[in-house]
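Residue numbering for the sequence shown follows my numbering, starting at 418 and increasing by one per position.
The set of hints was computed from the structure by calculation and includes no laboratory data.
Glycine included, every Cβ here is placed at the ideal spot set by N, Cα and C.
It is possible that some hints are incorrect.
Have a look at the derived ranges for each label pair, beta carbon to beta carbon [what the hints assert, rightly or not]:
{"hint": "1", "residue 1": "Glu465", "residue 2": "Gly613", "range": "43 to 49 Å"}
{"hint": "2", "residue 1": "Lys583", "residue 2": "Thr470", "range": "19 to 25 Å"}
{"hint": "3", "residue 1": "Glu465", "residue 2": "Glu566", "range": "29 to 35 Å"}
{"hint": "4", "residue 1": "Glu465", "residue 2": "Lys580", "range": "22 to 28 Å"}
{"hint": "5", "residue 1": "Glu601", "residue 2": "Lys483", "range": "18 to 24 Å"}
Computed list of lysine to any residue pairs in SDA-like fashion (alpha-carbon distance at most 20 Å, straight line) [as the list claims (entries may be wrong)]:
{"hint": "6", "residue 1": "Lys627", "residue 2": "Arg614"}
{"hint": "7", "residue 1": "Lys482", "residue 2": "Leu592"}
{"hint": "8", "residue 1": "Lys626", "residue 2": "Ala594"}
{"hint": "9", "residue 1": "Lys482", "residue 2": "Asn589"}
{"hint": "10", "residue 1": "Lys447", "residue 2": "Met617"}
{"hint": "11", "residue 1": "Lys496", "residue 2": "Met486"}
{"hint": "12", "residue 1": "Lys482", "residue 2": "Leu562"}
{"hint": "13", "residue 1": "Lys447", "residue 2": "Gly473"}
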Amino acid sequence: MGWTFKPTIVPTNNLVKDWRKLVKLECKKKTHFECVFPFLYVYPKITEEYVLTGWGADGYFGVSKKAQMRYGSKKGNKKYKEYFKKNPKNIKTFNEARDIYFLPDNSAGLKWHNKVVEMYNKKHITPYLHSTVKDYFYQFNWKELNIPEQKHHIRTVFPELTKFLKIRQHTNLHLGAGIDKLFETLLDNKKINFNGRKRMMDVSRDWYKKENTKPTNVLFTAFHFVINFIRGHQ
418 MGWTFKPTIV
428 PTNNLVKDWR
438 KLVKLECKKK
448 THFECVFPFL
458 YVYPKITEEY
468 VLTGWGADGY
478 FGVSKKAQMR
488 YGSKKGNKKY
498 KEYFKKNPKN
508 IKTFNEARDI
518 YFLPDNSAGL
528 KWHNKVVEMY
538 NKKHITPYLH
548 STVKDYFYQF
558 NWKELNIPEQ
568 KHHIRTVFPE
578 LTKFLKIRQH
588 TNLHLGAGID
598 KLFETLLDNK
608 KINFNGRKRM
618 MDVSRDWYKK
628 ENTKPTNVLF
638 TAFHFVINFI
648 RGHQ
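Make the full structure from the sequences, and use the hints.
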């Protein structure tokens, strides 16, 4: 396409310091930590003010294992409905599931990614999140979007992608890059894994709770209760 590719080397020997940086960015879930991590090194290398990404594109296609199971086949959809037969409110249509994906606190961790964007005074442009794009993709069901091949609408519109030879099936950024395995090494760090957890999912929650839960000042609360009680009986 005429763009110069500039690779960014993401070091793996600063993991503890980087973890603490991610904590300050209020990362909450395991995926937040893992997906934001590489961009701590990417954004300092960007000289342009505007950063264009394809953020949110995957949400329209339902490429997660859960989405493929629930909406990719009649058999899978039947099992999904049977599983939640006693709680039908948990059964979501494909569009309802996509709406959940694009909620502000979901959307592939956009909220946390944008914290890094702001750190480096950039402007994040996300055309896939525009309402016209949403309207276009929401007119199709799962099969129409992924058969005969995954994301075939994109492949058809951009035939030049064939120049890159075989295009792989969808892979999550952090999993494909092995970031999840890298972060698992922190399980052996007692300062990071201070509760002796077996999963980074739990370590992530521990840190979010630790940094965002303020202890209640019992004396202060009791004092105000007494004052308000006296005022109410004067």
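Q: Kindly confirm whether 29 to 35 Å is satisfied by the beta carbon distance between Glu465 and Glu566.
A: Hint holds: Cβ distance 33 Å, inside 29 to 35 Å.
Q.
Against the range 19 to 25 Å, how does the distance between the Cβ atoms of Lys583 and Thr470 compare: consistent or not?
A. holds (24 Å)
Q: May I ask you to test the hint 22 to 28 Å on the CB atoms belonging to Glu465 and Lys580?
A: holds (25 Å)
Q: Would you mind confirming whether the straight-line C-alpha gap from Lys627 to Arg614 stays at or under 20 Å?
A: holds (15 Å)
(Q) Quick check: does the Cβ-Cβ distance between Glu465 and Gly613 fall within 43 to 49 Å? (A) Roughly 44 Å apart at Cβ, these two residues keep to the hinted range, so it holds.
Q: With a cut-off of 20 Å on the C-alpha distance, tell me whether Lys447 and Gly473 pass.
A: Holds, because 19 Å separates the two Cα atoms, which is no more than 20 Å.
Q | Pair hint Lys482 and Asn589, alpha-carbon separation not exceeding 20 Å | A | holds (11 Å)
**Q.** Holds or violated: Lys447 to Met617, with C-alpha atoms at most 20 Å apart
**A.** It holds: about 6 Å lies between the C-alpha atoms, which stays within 20 Å.
Q: Given the hint of 18 to 24 Å, check if Glu601 and Lys483 actually sit that far apart at their C-beta atoms.
A: Taking Cβ atoms as reference, Glu601 and Lys483 lie about 22 Å apart, which means the hint holds.
Q: Mind checking the alpha carbons of Lys482 and Leu562 for me, to see if they're no more than 20 Å apart?
A: Holds: Lys482 and Leu562 sit about 15 Å apart, inside 20 Å.
Q | Given hint Ala594 paired with Lys626 - CA-CA distance at most 20 Å | A | violated (27 Å)
Q) Can the restraint linking Lys496 and Met486 be considered satisfied, given a maximum Cα separation of 20 Å? A) OK: Lys496 and Met486 at ~9 Å, within 20 Å.
Against the hints set out earlier in the document, a violation occurs for number 8 only.
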